[in-house]
Amino acid sequence: MTIDWSWIGDHTDDLTTLTVSHLQAALSAVFFGLLISLPLAVVAHRVRPLRGFLLGVSNILFTIPSIAIFVLLLPISGLTRTTTVIGLTVYTLVVLLRNTVEGLDSVPAKTKEAAKAMGTRPLRTLLTVEFPLALPVIMAGVRIATVMSISLVSVATYIGDGGLGQLFTDGFQRDFPTPVIAGVVLTILLAVVADAALVALQYVLTPWKRRRA
Amino acid sequence: MYELIKNLGTWLTSGAGWTGADGIAHRLAEHLQYSLLATLVAAAIGLPLGLLIGHTGKGAFVAINLASFGRALPTVGLVVLVFLAGGLSMLPVYVALVALAVPAIVTNTYAGMTAVDPDVKDAARGQGMRGHQVLFQVELPLALPLIMTGLRLALIQVVATATIAAYVSFGGLGRYVFDGLAQRDLVQVLGGAVLVAVVAVALDLLLSGLQRFLFRHRTA
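Respectively, the protein sequence lines represent chains X and U.
As numbered in full-length UniProt numbering, residues 1 to 213 make up the first sequence, in order.
As numbered in full-length UniProt numbering, residues 1 to 220 make up the second sequence, in order.
Only chain X is shown next, with the shape it has when bound in the complex:
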């Protein structure tokens, strides 16, 4: 199996476009996943009876195959980017919700009581005390969700989207390995770079962790 380097040279524009589109789909999914799971996690953290229910539902959603999620969405949102993003978002929920709840749980009760004693209102405590302290665990979830989404985008190639996944179909149909290799390598690179960027972001967002270490 040899790589046709001239094909890669001739298609750098296409490869760039597909990489950008790929990253956009994955990042949108993580963004919407956070938008949904952050408030839900607060509810699950504060209202114990709802906790098992919310985590259970997200677990069941996770067991639905990715290709099946995309296909099940077809009657609702059709062969569009929206379908890709909704499908991936559903997948990010299980990791994001679980980690955010665990993160909030890990904040010591004394810290919250201290904030309360100082007259800090609940919402303010949540935003300025609980979320920052839960950040390392939440970020661990964000990292997993991001890497997972990046790898899953290519499944959406079956419904005509899929970013770099299109290279797999292309190579398969023409019995030509180069685009497939390029697609696999770029997907892994994208995941590694995105993961490193999130580690850097976490480093910037949690200065108190650095001082201790």
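Hint data in this document are derived by calculation from the structure and do not stem from the laboratory.
What you are looking at is a predicted structure, and each value in this text was computed from that prediction instead of being measured.
All residues carry an ideal CB built from backbone N, CA and C; glycine is no exception.
Any given hint could turn out to be false.
What the hints assert, rightly or not - DEER-style ranges, computed between Cβ atoms: (1) N59/X to P141/U: 22 to 28 angstroms; (2) I8/X to A25/U: 45 to 51 angstroms; (3) A200/X to D179/U: 54 to 60 angstroms; (4) R124/X to R125/U: 50 to 56 angstroms.
Stated by the list, open to error - A short, non-exhaustive set of chain X residues, derived as facing chain U with CB atoms under 10 angstroms: (5) D4; (6) A68; (7) L123; (8) G165; (9) G171.
Dock chain U against chain X, hints included.
Okay, now just chain U, sitting in the frame of chain X:
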């Protein structure tokens, strides 16, 4: 939407759809065969590896990074790649499914092993147990719940992904999804997708029931 659900119901319940080589029963059996074989092979590779890394504490770096590498690997690309390299056989599908399942098994086994209280291991050694005795009689039983979680996770992912066998012209429930997509037959596509989802959820429930039964004496 109502019409679609009604047609889907008809498709799933029609007697003719269940029998024969293209029937649901046969496709279901194929799907289970691919999934279970791939998970078994992955377990045969992943379990010893995870136990070894967890027991010796060497190669933890590998175990942790293997997890994110496994998550980043695009399965569709892997199938197509092995297919183009090795020709038409079930091999590419199995390679991809095993590659998908091994990291989940290794990392969970490793996590289970590291979660074992060091004091317990010291106590076992203090009683004169040898390395392999500590591993099989102390560490392994204590790590089993997390190991089972890893196997469940791997199996769900494999069942979901075994759909791609149909992409390279093999059977399984993915057949309906891909044939349906090609024929613009949405009912068939949805039928296949629903069946795969049901199988994944059912197997997960079955394994979690088994897990609860096996560890019923534990309070956790």
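Evaluated hints:
1. N59/X to P141/U: 22 to 28 angstroms: 26 angstroms, holds
2. I8/X to A25/U: 45 to 51 angstroms: 46 angstroms, holds
3. A200/X to D179/U: 54 to 60 angstroms: Between A200/X and D179/U, where Cβ atoms are some 46 angstroms apart, the hint is violated.
4. R124/X to R125/U: 50 to 56 angstroms: 51 angstroms, holds
5. D4: Check failed: Cβ of D4/X comes no nearer than 13 angstroms to chain U, outside 10 angstroms.
6. A68: 4 angstroms, holds
7. L123: For L123/X, the interface hint is violated, since the closest Cβ of chain U sits about 35 angstroms away, which is over 10 angstroms.
8. G165: 6 angstroms, holds
9. G171: 6 angstroms, holds
Hints 3, 5 and 7 from the earlier list are contradicted by this structure; the remaining hints agree with it.
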